[in-house]
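**Q** Quick mapping for you: the protein sequence lines, in order, are chains B and C.
Sequential numbering from 974 applies to the first sequence in the working numbering.
Sequential numbering from 7 applies to the second sequence in the working numbering.
Only true hints are included.
List time: in silico EDC-like cross-link candidates among lysine to aspartate or glutamate, alpha-carbon distance up to 20 Å:
#: 1; chain 1: C; residue 1: 137; chain 2: B; residue 2: 1187
#: 2; chain 1: B; residue 1: 1073; chain 2: B; residue 2: 1059
#: 3; chain 1: C; residue 1: 137; chain 2: B; residue 2: 991
#: 4; chain 1: C; residue 1: 137; chain 2: C; residue 2: 127
#: 5; chain 1: B; residue 1: 1073; chain 2: B; residue 2: 1110
#: 6; chain 1: B; residue 1: 1073; chain 2: B; residue 2: 1099
Note that these hints are calculated values from the structure, not bench results.
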Amino acid sequence: MNTLLIVFAKEMLESLRDRRTLLTTLLLGPVFMPVMFSFMTHTIIKQVMDGADEKVTIAAINADVAPNLRDHLATHGVTLRAFAGDEAAARAAVATGTEKLVLEIPQEHAQRIAAGEAAPLRLYYDSSNRDKRGQVDRVESLLREWNQRIAVQRLVLRGVDPRVLSPIPLQQIDVSTPAGRSVVLLGMLSFFLVISMFASGISVAIDGTAGERERGSLEALLTLPVRREVLLGGKLMATAAMMTIALLLTTTGLTVALSRIGLEQLGMSANLGPATAFLMAAILLPLVPVGAGLLTLVASFARSIREAQAWVGIAQLLPTMPLAFVSMLNPTASPLLMCVPSLSQHLLIMKLLRAEALAPLDVALSVGSSLLMAALLISVAMRLYRRESLLG
Amino acid sequence: MIEARGLSKRFGTVSALRELSFCAADSRITGLLGPNGAGKSTTLRILQTLISADAGTALIDGHSTLADPLAARSRIGVLPHSAAIYAGLTARENITYFGRLCGLSRAAAAARATTLIDQLDIGDIADRRAKGFSQGQRLKTALARAMVHEPRNLMLDEPTNGLDVPSVRMLRTLLGQLRDAGHCILFSSHVMHEVASLCDDIVVIASGRVVATGTPEALLTQTGAADLEDAFVQLTSDSRSAA
Chain B
974 MNTLLIVFAK EMLESLRDRR TLLTTLLLGP VFMPVMFSFM THTIIKQVMD GADEKVTIAA
1034 INADVAPNLR DHLATHGVTL RAFAGDEAAA RAAVATGTEK LVLEIPQEHA QRIAAGEAAP
1094 LRLYYDSSNR DKRGQVDRVE SLLREWNQRI AVQRLVLRGV DPRVLSPIPL QQIDVSTPAG
1154 RSVVLLGMLS FFLVISMFAS GISVAIDGTA GERERGSLEA LLTLPVRREV LLGGKLMATA
1214 AMMTIALLLT TTGLTVALSR IGLEQLGMSA NLGPATAFLM AAILLPLVPV GAGLLTLVAS
1274 FARSIREAQA WVGIAQLLPT MPLAFVSMLN PTASPLLMCV PSLSQHLLIM KLLRAEALAP
1334 LDVALSVGSS LLMAALLISV AMRLYRRESL LG
Chain C
7 MIEARGLSKR FGTVSALREL SFCAADSRIT GLLGPNGAGK STTLRILQTL ISADAGTALI
67 DGHSTLADPL AARSRIGVLP HSAAIYAGLT ARENITYFGR LCGLSRAAAA ARATTLIDQL
127 DIGDIADRRA KGFSQGQRLK TALARAMVHE PRNLMLDEPT NGLDVPSVRM LRTLLGQLRD
187 AGHCILFSSH VMHEVASLCD DIVVIASGRV VATGTPEALL TQTGAADLED AFVQLTSDSR
247 SAA
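Extracted from the complex, chain B is given alone in its bound form (with noise of 0.2 Å):
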């Protein structure tokens, strides 16, 4: 135990003293991650309250042949204002990009409305141009509404009830609450904080293994009357406590800068104080050994310091891709799924944002299959760092 922990102590000093691994624990996970995430949820906002009642001015053809129109679409915080040229000049104009959208009134519009006739209206937008798209479905939505509008007019003119225009009314009732509709946004935590804690463990996993292999200080160590498990188990600890202590850090990052986003312009209320937050990071906590013995596991199998990092890229997106599976399929707690580990824990922790009650067997199957995975890992690492070509 002694030994272990001076492998350990030497570990950790040696990360410690590297700018690289201090730069990834320290900076990547608490400060970058947190700001990436803040940067993405105000873009989110942004672009759902774009739709909603910001003032927006578009440009028409002929804006002032139908007042009514217009005067309508005023009430609803869209401005008409003249667009000087003709249809190919719209076309050109939208495509372009000069103009967002151009809504063509033909010249003989207010003849046609009053003739009790079809009126039609041309609206020139590019699908293609995401970030209007909420402004193209606002004017969509309310040029409709006109339309039903005038429809209800002339039935009532010609005597009959506007009521068959709509034999089937629909009503949407939305009972999300409002940490329901967070937990869209927030999904994308645990995976910030997987991120964030298995980048951190890269470079002390690397360094211990392939790292001191390819430097040839292993070969001094393994002469030493210490037997392997121990020296490895060292190394393990060391990779582990830089993956909680990013762990930690991270999370009163990302709760930091969520409390200064503003989720409530959404009608959202993220059910995320420090109490949550302390959870949230304690799911994650049986995350960590799992993720030391693949990186370790991962590492001491490569041969070189630059196979080591190639394959370690590719290891750190394992705990990712349930979470990618997750986002596809939007599947609801099993026992099942409480035993892939990043799954259980991206799981759990939806639901606690969601502020519902965590089940103890669900926490139980959790931490249990992500113990075993460890302690899987772990083992044919061992094995792999008993190997006669350890030393190459």
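Starting from the known structure of chain B, arrange chain C on it as the hints suggest.
**A** Just chain C, lined up with the frame of chain B:
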């Protein structure tokens, strides 16, 4: 005392060692001499418990490297070929780290490090990080590290590589002192004059076999050569033509 008894080792289809036997006695400096690829490193690695022999036994003070590797390891100090030390640690930290791993208490390891730093005259670099050390500084640190637990047996793989003349002299004096104190010293080399000036006994190996053993004088007599270099060439080429 270091003993190799009938060591054989194959790497795939290549026979690295073929029933290699020799004995390095206490209070003697034994040189393991051989051309490149003769099996010097493989022999040392087996003696250092890093790899196991396919056949034969290696004994360190009577402890089998295979049956009781930890006992064998606690009786050897090793200076590997690369003499690599931890660049992020100071010379002193490198030495105490190995001392602690060998079971010394914190105080004992620190005291031992101070003694060795004085003995090897590396006081000026003792508390500097090893990154940027010269080959000589690294070698002296690695040597101090190898001796931190005062092992009875010392194995050095080409120890004078990259050392300047004063350092070689210092090393020679140091090894002489250790021998006189009763240590068994085994080192490998292919530099003839070094072996001649340092060794009490020489084990010449070629193609994985011992082709001659004895004092430098005995080897000269045996081959009838005028100097050791001629004797070496004669001995190793004989074995090559025989193989």
